[in-house]
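Novice: Counting in my numbering, the sequence shown runs from 17 upward without gaps.
A couple of the hints might just be wrong.
With a Cα cut of at most 25 Å, we get these calculated PhoX-like pairs of lysine-lysine [to be verified]:
#1 152 - 175
#2 173 - 49
#3 126 - 175
#4 123 - 152
#5 154 - 123
#6 345 - 329
These aren't lab readings, by the way, just hints derived from the structure by calculation.
As the structure is a computational prediction, the values presented were derived from the model and not from experiment.
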Amino acid sequence: MAHVTLQRLVKTYAASGGTAAFAAVKGIDLEIKDREFMVLVGPSGCGKSTTLRMIAGLEEISEGTISIDGRLVNDVLPKDRDIAMVFQNYALYPHMSVYENMAFGLKLRKMPKAEIDTRVREAAAMLGLEDLLERKPKALSGGQRQRVAVGRAIVRKPKVFLFDEPLSNLDAKMRVSTRAELSRLHARLGATMIYVTHDQTEAMTMGDRICVMKDGEIQQVAAPLELYNQPVNMFVAGFIGSPAMNFFRGTVRATRSGGGGSAAEFVEGGAGDVPALVMPLARKFVAERGVVLGVRPEDVVLVEGDGAGSEVKVELVEPMGAETFLHLKSGATAFVARVAAGVSPKIGANVRVRFAAEKIRLFDAVTEKVMQ
């Protein structure tokens with residue numbers, strides 16, 4: 017397999033038809049390790065698919081370099097880069113059988129028939145397609161078509177596999193099973209794979225590491241749990257995780273601890289100023305500094321009794337089977353709590369909550385970067 021290196025990579029689309037020039041990718045640096053499953057994730061328009069297409073050679077590079085296994089490929093044709101790409105729309109030939117679709121690229125390379133047959137049948141066995149080799153694409157389900165597209169890539173035995181939102185056309189149940197198949201396939205092949213998605217659940221469950229992108233720039237590259245537990249800024253914190261992290265804007269002010277030492281507390285600000293959500297913090301900060309407090313829904317804890325926690329109103333209850341999401345409101349501030357299944361207070365009722373203090377994240381209100 018191979019490692020892939022992107023250095024100061026830029027993609028700019030020239031002005032045309034009265035529109036200004038647009039930079040889709042803005043000088044990114046990224047190292048994808050040999051045999052790694054790297055996921056590029058971010059909202060629509062963040063530059064992830066453009067980056068993948070530049071690696072594939074389908075988009076011209078404006079600036080920077082791409083190297084595959086130490087070989088500079090900026091000016092190398094897509095067919096000579098030793099990569100295989102799986103697209104969102106499958107791109108199968110409708111008049112060809114499954115076998116013929118998987119074998120077509122090898123035939124163009126004038127590979128011996130015996131070798132083609134061996135590779136196709138090996139890939140079909142990996143993907144559970146042995147009984148479908150004579151069918152045409154119209155006789156297949158969406159999940160089966162996607163497996164054929166993956167099989168067509170496998171038979172080439174490329175250095176790098178590229179996946180461009182391959183599960184987007186599948187229903188929810190099929191997406192879950194197919195992403196598990198792709199993860200098992202990566203483990204079996206030990207291949208270098210680069211996978212683009214806008215779905216943070218796919219990213220968290222599949223990637224060895226995840227590259228989070230926004231507006232053509234890389235925000236953070238890390239293992240899934242590191243992204244979740246140690247986001248570097250508010251965008252990553254809010255994008256990774258479902259439901260998203262709750263944010264509270266306010267200020268930090270200096271206080272005195274009971275022992276006479278210095279401490280700090282967070283006071284929520286804005287139109288819905290809620291003194292009841294004053295949070296003691298075991299950190300030292302400049303007085304009256306504007307901050308954003310972030311807390312994951314699972315770290316909003318329901319408490320019993322009149323003295324503990326803060327009283328909030330239940331706006332909505334969403335039973336999810338194994339867990340329940342409570343949409344809560346305190347003054348003008350809305351937030352979500354993830355609680356155990358079976359916990360179902362009445363809509364409009366008041367409950368008391370506290371935040372797990374050790375799990376709170378603070379972000380600078382101006383830069384939106386995490387505060388150490």
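Novice: Please go over all the hints and tell whether each is borne out by the structure.
Specialist: Quick rundown of the hints versus the structure:
1. 152 - 175: Violated, at about 29 Å.
2. 173 - 49: holds, 18 Å
3. 126 - 175: holds, 19 Å
4. 123 - 152: Since the Cα atoms of residue 123 and residue 152 sit roughly 18 Å apart, the hinted pair holds (cutoff 25 Å).
5. 154 - 123: holds, 23 Å
6. 345 - 329: Cα-Cα ~5 Å, so holds.
In summary, the structure is inconsistent with hint 1 from the numbered list given earlier, while agreeing with all the others.
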